[in-house]
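K.L.:
Here's the letter readout for the chains.
Number of protein chains: 2
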Amino acid sequence: MSDHRFLRALRREPVDRTPVWIMRQAGRYLPEYRATRARAGSFVNLCKTPELACEVTLQPIARYALDAAILFSDILTIPDAMGLGLSVEEGTGPRLAKPVRTHADIAALTAPDPETDLRYVMDAVRLIRRELHDKVPLIGFAGSPWTLACYMIEGQGSASFARAKALALEDPATMHRLLDVVARSVAVYLAAQAAAGAQALMVFDTWGGLLAPDMFREFSLRYLTQIAQSSQSHNVAKSTPLILFSKGANAHLEALADTGCAALGLDWTISLGAARARVGQRVALQGNLDPAVLHASPTAIRTQVKQALADFGPHPGHVFNLGHGITPDVDPERVRVLIDAVHELSAPG
Amino acid sequence: MSDHRFLRALRREPVDRTPVWIMRQAGRYLPEYRATRARAGSFVNLCKTPELACEVTLQPIARYALDAAILFSDILTIPDAMGLGLSVEEGTGPRLAKPVRTHADIAALTAPDPETDLRYVMDAVRLIRRELHDKVPLIGFAGSPWTLACYMIEGQGSASFARAKALALEDPATMHRLLDVVARSVAVYLAAQAAAGAQALMVFDTWGGLLAPDMFREFSLRYLTQIAQSSQSHNVAKSTPLILFSKGANAHLEALADTGCAALGLDWTISLGAARARVGQRVALQGNLDPAVLHASPTAIRTQVKQALADFGPHPGHVFNLGHGITPDVDPERVRVLIDAVHELSAPG
Chain A
1 MSDHRFLRAL RREPVDRTPV WIMRQAGRYL PEYRATRARA GSFVNLCKTP ELACEVTLQP
61 IARYALDAAI LFSDILTIPD AMGLGLSVEE GTGPRLAKPV RTHADIAALT APDPETDLRY
121 VMDAVRLIRR ELHDKVPLIG FAGSPWTLAC YMIEGQGSAS FARAKALALE DPATMHRLLD
181 VVARSVAVYL AAQAAAGAQA LMVFDTWGGL LAPDMFREFS LRYLTQIAQS SQSHNVAKST
241 PLILFSKGAN AHLEALADTG CAALGLDWTI SLGAARARVG QRVALQGNLD PAVLHASPTA
301 IRTQVKQALA DFGPHPGHVF NLGHGITPDV DPERVRVLID AVHELSAPG
Chain B
1 MSDHRFLRAL RREPVDRTPV WIMRQAGRYL PEYRATRARA GSFVNLCKTP ELACEVTLQP
61 IARYALDAAI LFSDILTIPD AMGLGLSVEE GTGPRLAKPV RTHADIAALT APDPETDLRY
121 VMDAVRLIRR ELHDKVPLIG FAGSPWTLAC YMIEGQGSAS FARAKALALE DPATMHRLLD
181 VVARSVAVYL AAQAAAGAQA LMVFDTWGGL LAPDMFREFS LRYLTQIAQS SQSHNVAKST
241 PLILFSKGAN AHLEALADTG CAALGLDWTI SLGAARARVG QRVALQGNLD PAVLHASPTA
301 IRTQVKQALA DFGPHPGHVF NLGHGITPDV DPERVRVLID AVHELSAPG
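Line order of the protein sequences matches chains A and B. Okay, so the first sequence: first residue is 1 according to this note's numbering, each after it adds one. Okay, so the second sequence: first residue is 1 according to this note's numbering, each after it adds one.
There's no promise every hint is true.
For identical chains, the list gives no copy identity; a pair is met inside one copy or between any two copies.
Subject to a maximum C-alpha distance of 35 Å in a straight line, what follows is the list of computed DSBU-like cross-link-like pairs (lysine-lysine) [stated by the list, open to error]:
1. 306 to 238
2. 135 to 306
3. 135 to 98
4. 135 to 238
5. 247 to 135
6. 306 to 247
7. 98 to 247
Note that these hints are calculated values from the structure, not bench results.
Model the full assembly from the supplied sequences, consistent with the hints where possible.
P.N.:
Take a look at the structure:
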């Protein structure tokens, strides 16, 4: 299994063709997902029921020639396990019933124990691994400390996360206290997913790119580094490649590559060639087609795939993906065009 | 008036202190704005009534020690004058009743004549100039061709502008036809604002940063260059400095500086020092505090201002601003703290 092209690419070893998976590949654009989601009653219940989480994780694997499965879950499982009360409404996005607002709120937080407080995630990982029958590797994931802290302070998504940023500017010590407990939680959570069977791990720093450079280094990068370092000190996790995806933070690519991660996720605002030139041989790269490309014609999709492959060039270390999650309004047949084009156009001529 | 520190800074001449203005300074965070807006009945009526547009333009100038006024208007006046039917609802943002969807829609578009089709804007510029009594210079503005085309195709804002991008990928010739008529419209509109009295001009490329690099160059940068070049061939406009603001497009800073513009607007995801090092002496820089800073304490705001000024360094060519528009939930007294801090901390010691 460690010979699967997805894991080989993450180790920057030669592959027979470029591996491909798609962020949010188990999602609302698939009718079979919508059916399971309806049976689950709520998004949170879907995440918290291992059998259902397993079912939707496997749906895109059954439908397409994907090279990796990704655990179906949510980045806010950690704040939920800390007692903040997660709910997710269709259309309005996730909400935490009890955001942290005071020093006392933050001081009261403790790192959840994965095998007790987040048992449903670990059970889902074990079940998915069993049901995958080693067809493709399984990716586990978590949100970045900065991204989780943003949600924990605001209680929901925000265009600017002004409250979180204001706390960081006014009272950095308190913000660091929050980030520290979240970073420790993320590190043990990822290690537990690896122990339960995840063969690669990914950290989504969805809101890191909203920070000014000094703040990015102090409040996001520092904790990404801590997690990458920590994963190397865990027995199981150290052999499990870690992918960091800091959306909108291409200015910091070299620093992200120096964290000790195996690969960087890229959004589509940088060319794969330019990114490779900047990070050299330090890490593999994952990405990075604009998800909007899936709204274009099959011919245009194939042209974009060809261009992305040429842009990366004949080097090892590329995992094809979108530069952000697939959106619910995409035609599933366009996804097939993309995946098949990656395999066909990257095969040795 | 050409000796005003704002215009001197745009020409990269020495100034007594760093000039400052704030994107959306005439806006909902001000109670006097909300009062005029209520009297106007609708946002569009506020834009289209020169006396009311003048009134709100002058409100922040009366309240703060700002160094420039900016015409109160909307970037969608051009599509509206093309017959697309602009409306703006509080909360949901602007809408165009008749988006362009077919080749025929696009072929039917013609560039509006500013002094007839957009007379209300020109009248507002003339009235504001008169009422300003040369207290501070007046900035005119327009949306970028790419940004206007996005709205014209989608009919409203969008997280991804997937329809506009899909057209660009599938049928670039049609997209260029649209961008061409919009770019010609923007160029004559800006020249007419300068002729009516605007002493500086700004182009907001709000959605350029959503494009992959090749697409940015082909569908945004090309038309920004066309506008910058065109402004230099107009009698009045050529002596009127042009500021380009391509949000989220810091990867393209050198290319933007080469368009022939006088200054670049910057968002907060790049440090002023790093930006200055990259563009050298070619252009002035405007920006770039994160608007979220205005949610922090007065002490934190002053610290951030001091840091931004130090970051730019003791060079000519800095216009202080936020890195994006001020948000409606800001306390007007925090804005005063910011403006006063810029003047105080940039004054010769």
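K.L.:
Which of the numbered hints above does this structure break?
P.N.:
Going through the list in order, the structure violates hint 3 alone and respects the others.
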